[in-house]
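A.B. asks: Hints in hand, dock the two standalone chains.
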Amino acid sequence: MPAALHGEVHLTDSSAESRSRALNQFLASIELKAFKIAQAALRHEDDALDAVQDAMLQLARAYGERPAEEWKPLFYRILENRIRDMQRRRTVRGRVMAWLPSRGEDDDEEPDAIAQAPSPEPQPVKRLELDEAVGALERALSALPRRQQQAFLLRTLEGLDVAETARAMGCSEGSVKTHYFRAVHTLREQLGELYL
Amino acid sequence: MSPMPEELTPFERNARVLLDESVSRIDGRTRSRLNQARQAALAAAAAHERRPFWWRSFTLMPAAGAMAAALLAAVVLWHGEPTGQSPLAEGQRPAAVEDIDLLADAEALDLMEGWDGSSFYEWAAAQNEPSGQSDG
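Chains as they are written, first to last, in the working numbering: chain A, 5 to 200; chain B, 292 to 427.
Just chain B, with the same shape it has in the complex (with noise of 0.2 Å):
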């Protein structure tokens, strides 16, 4: 393991000091455990280690299992999934997806350019005008 090559100031060197106290006042309780526990992990690495292979992946099965299964739930909900046309009809569409379609659509944005909202109400009172007034 390679040391800090970079240069340390002296708060940090002081700071290692004392961290280095810190570690070397850990009671005897704990160090016993800490040896307990290190034992017991090398004991379980052992008895991991003389286990047939077969045992080993026999182990992963579960996981293995289960890892399939989503993967196979996966492909049938995407084979499930609708590819073509909505199953709504074009008249029964609801209107929020048409209002959808209206603000994506780039040409009705062209249309408004140049509006000055004032030919909107003259179109609007000739649509109440009976066909013969507006006419003559």
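The shape of chain A in the complex, shown without the other chains (with noise of 0.2 Å):
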């Protein structure tokens, strides 16, 4: 085989690992806030790992081979796809289950008495109130309008522009906008300044 070809094909391997490379540095930075986007709208642990997990495999397979700086707009369109589509199936779901007997909910789970058990050691208030703050914040972001939580979600957690925002809400600059003032005053209304 000639020289040329055979450091064509080792140009080649080193380009897809290095893609690899940075695809997997690429998702291991976004992966913990895409959780918790997810787990915000989906308000179910496994719904939004499988969310993310199946966003994740989307982007690799048919996409992965976009410039860097698209992945993450990208990204969040999967997995705001994903979501939607998960959150219409439980609204079905919902609705057939809804003709069925109830059995009670989660009858075969036993609580965990580990997480249950009080704490021995005793906290300090600032951990306490902090506590508190974390827990009042993820309510209030739990009860907004889908949007407006998308919105503040990326923005702030995520810290995407409004341009790629509204790349990945897939709306326009001025929506992105208004669905993010909205939610900052919703907030703002309910939790103060969130004095820390």
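Any given hint might turn out to be false.
What the hints assert, rightly or not - Not the full set, but computed from the structure, chain B residues with beta-carbon under 8 Å of chain A:
1) 301
2) 313
3) 314
4) 319
5) 323
6) 324
7) 325
8) 333
9) 335
10) 340
11) 365
Unchecked claim - Within a straight-line C-alpha distance of at most 20 Å, the following computed SDA-like cross-link-like pairs (lysine to any residue) qualify:
12) A/130 <-> A/196
13) A/181 <-> B/300
14) A/181 <-> A/163
15) A/130 <-> A/140
16) A/130 <-> A/151
17) A/130 <-> B/305
18) A/181 <-> B/316
19) A/130 <-> B/308
20) A/181 <-> A/47
21) A/130 <-> B/316
22) A/130 <-> B/311
23) A/130 <-> B/327
24) A/130 <-> B/302
What the hints assert, rightly or not - Just so you have them, the derived chain B footprint on chain A, three or more residues with Cβ under 8 Å:
25) 35-41
26) 48-58
27) 61-67
28) 137-143
29) 169-175
30) 185-194
If you're looking for bench data, these hints aren't it; they were derived computationally from the structure.
We treat Cβ as the ideally placed atom computed from N, Cα and C, and that holds for glycine.
C.D. replies: Listed below in structure tokens is the structure:
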């Protein structure tokens, strides 16, 4: 085999490897925040994990060859579609289940004794306040309309700018600004100024 | 990726701190599952890339076939649709169609202008009278 061909093959392999490395770094950098965003929307840990996993798979398969700077808005667009699919499916399932006789919720799930046991260590006051603030923010976020929640989390948690958020949400920049403004307004009304 | 260029308000800054705190509290089990999901995604992408181009094209065949079938059906329906005169003869057209024609007719509206109603009754009475009476 000619040397040039060897070189070409080697170059192609290394290019694929470097892309895989870059994709790995990218996914590692966003997976926790993506999980939080999915969890806020779906309010279910396993569903949120499934949604993030599906989004990762689709991005890697279908868009892995796209420039790396496009990955983040693309990933969140895919994740949003996945979340919407799951919410639709859940609505349909809820309608079907409403016709079936109730068995009571979580009959088969026993409470985790370790998780429910009180912590032997007394929590410092500051830590307790932080816990309460995080909990209050998460609850208020869960109650927001979906688009407002999405705009707020993509901008504040993920740090996307308006244009990137618009690409991720599939809407205009003006809509992003409106959703974001309304989200901040509602959260501030409910939580005050969040003094830390 | 560009950072947010806008100035954040204290509320937004504090919200970000709380959200970062919330992310940092994600438990080890969830982190492990996310890591596994990432590795699975990368492995799937690598396997997808290793497939020859003709195979990747072959996997798109069902979607392409469905699209072609839909296109064919659309073309057949389009050409099969009658484009000339209505199949109903002029005298067989339903009354509703004629009503629509009347309503859509701008000239009929012109005729209505200046009509006070009394002329209609005069015309109707004249229709019922025998022709001799009306003349004399």
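A.B. asks: Does each hint hold? Answer for all of them.
C.D. replies: Status of the hints after comparison with the structure:
For residue 301 of chain B, the suggested interface contact is upheld, since its CB lies about 6 Å from the closest CB of chain A, less than 8 Å. Because the smallest distance between the Cβ of residue 313 of chain B and any Cβ of chain A comes to about 5 Å, under 8 Å, the interface hint for this residue holds. Taken as an interface hint, residue 314 of chain B checks out: its beta carbon lies about 5 Å from the nearest beta carbon of chain A, inside 8 Å. Look at residue 319 of chain B: its Cβ only gets to about 12 Å from chain A, farther than 8 Å, so that hint breaks.
Nearest Cβ of chain A to the Cβ of residue 323 of chain B: about 11 Å, over the 8 Å cut. The hint is violated. Interface hint at residue 324 of chain B: satisfied, since its Cβ lies 6 Å from the closest Cβ of chain A, which is below the 8 Å cut-off. Given hint, residue 325 of chain B at the interface with chain A, holds; its Cβ is 4 Å from that chain's nearest Cβ, closer than 8 Å. Using the Cβ-Cβ criterion of 8 Å, the hint placing residue 333 of chain B at the interface with chain A is satisfied: the shortest such distance is roughly 6 Å.
Annotation: residue 335 of chain B was flagged as interfacial toward chain A, and the flag holds, the nearest CB pair being 6 Å apart, inside 8 Å. Taken as an interface hint, residue 340 of chain B checks out: its beta carbon lies about 6 Å from the nearest beta carbon of chain A, inside 8 Å. Checking residue 365 of chain B against chain A by beta carbon gives a least distance of about 27 Å; that is not within 8 Å, so the hint is violated. Taken as a hint, the residue 130 of chain A and residue 196 of chain A pair is honoured in the structure, with Cα atoms around 18 Å apart against an allowance of 20 Å.
A distance of roughly 15 Å separates the Cα atoms of residue 181 of chain A and residue 300 of chain B; the hinted pair therefore holds under the 20 Å criterion. Between residue 181 of chain A and residue 163 of chain A, the direct Cα distance comes to roughly 14 Å. Compliance with the 20 Å bound is thereby established for this hinted pair. Restraint check for residue 130 of chain A and residue 140 of chain A: satisfied, since their Cα atoms lie roughly 15 Å apart, inside the 20 Å limit. For the suggested pair residue 130 of chain A and residue 151 of chain A, the alpha carbons sit about 33 Å apart, so the restraint of at most 20 Å is broken.
Restraint check for residue 130 of chain A and residue 305 of chain B: the C-alpha separation of about 15 Å stays at or below 20 Å, so the hint holds. Proximity of residue 181 of chain A to residue 316 of chain B is assessed by CA-CA distance (about 29 Å); at most 20 Å being required, the pair is judged violated. Taken as a hint, the residue 130 of chain A and residue 308 of chain B pair is honoured in the structure, with Cα atoms around 15 Å apart against an allowance of 20 Å. For the hint pairing residue 181 of chain A with residue 47 of chain A, the CA-to-CA distance comes to about 25 Å; that exceeds 20 Å, so the pair is violated.
For the given pair, residue 130 of chain A sits about 16 Å from residue 316 of chain B by alpha-carbon distance, which is consistent with the 20 Å threshold. Distance hint between residue 130 of chain A and residue 311 of chain B is fulfilled; the C-alpha atoms sit about 17 Å from each other, no more than 20 Å. For the hint pairing residue 130 of chain A with residue 327 of chain B, the CA-to-CA distance comes to about 35 Å; that exceeds 20 Å, so the pair is violated. Our distance criterion of 20 Å between C-alpha atoms is met by residue 130 of chain A and residue 302 of chain B, whose separation comes to about 19 Å.
Only residues whose C-beta sits within less than 8 Å of a C-beta in chain B count toward coverage, and the stretch 35-41 of chain A has 5 of them, enough to reach three; the restraint holds. Coverage of the stretch 48-58 of chain A by chain B holds. Counting CB-CB distances below 8 Å, 4 residues qualify, and the rule asks for three or more. Counting residues of the stretch 61-67 of chain A whose CB lies closer than 8 Å to any CB of chain B gives 4, which reaches the minimum of 3, so the coverage claim holds. Coverage of the stretch 137-143 of chain A by chain B holds [criterion: at least 3 residues with CB-CB distance below 8 Å; count 4].
Remark: the stretch 169-175 of chain A is not confirmed as covered by chain B, as 0 of its residues place a Cβ nearer than 8 Å to a Cβ of that chain, below the required three. Proximity of the stretch 185-194 of chain A to chain B, defined as three or more residues with a beta carbon under 8 Å from a beta carbon of that chain, is established by the 3 residues found.
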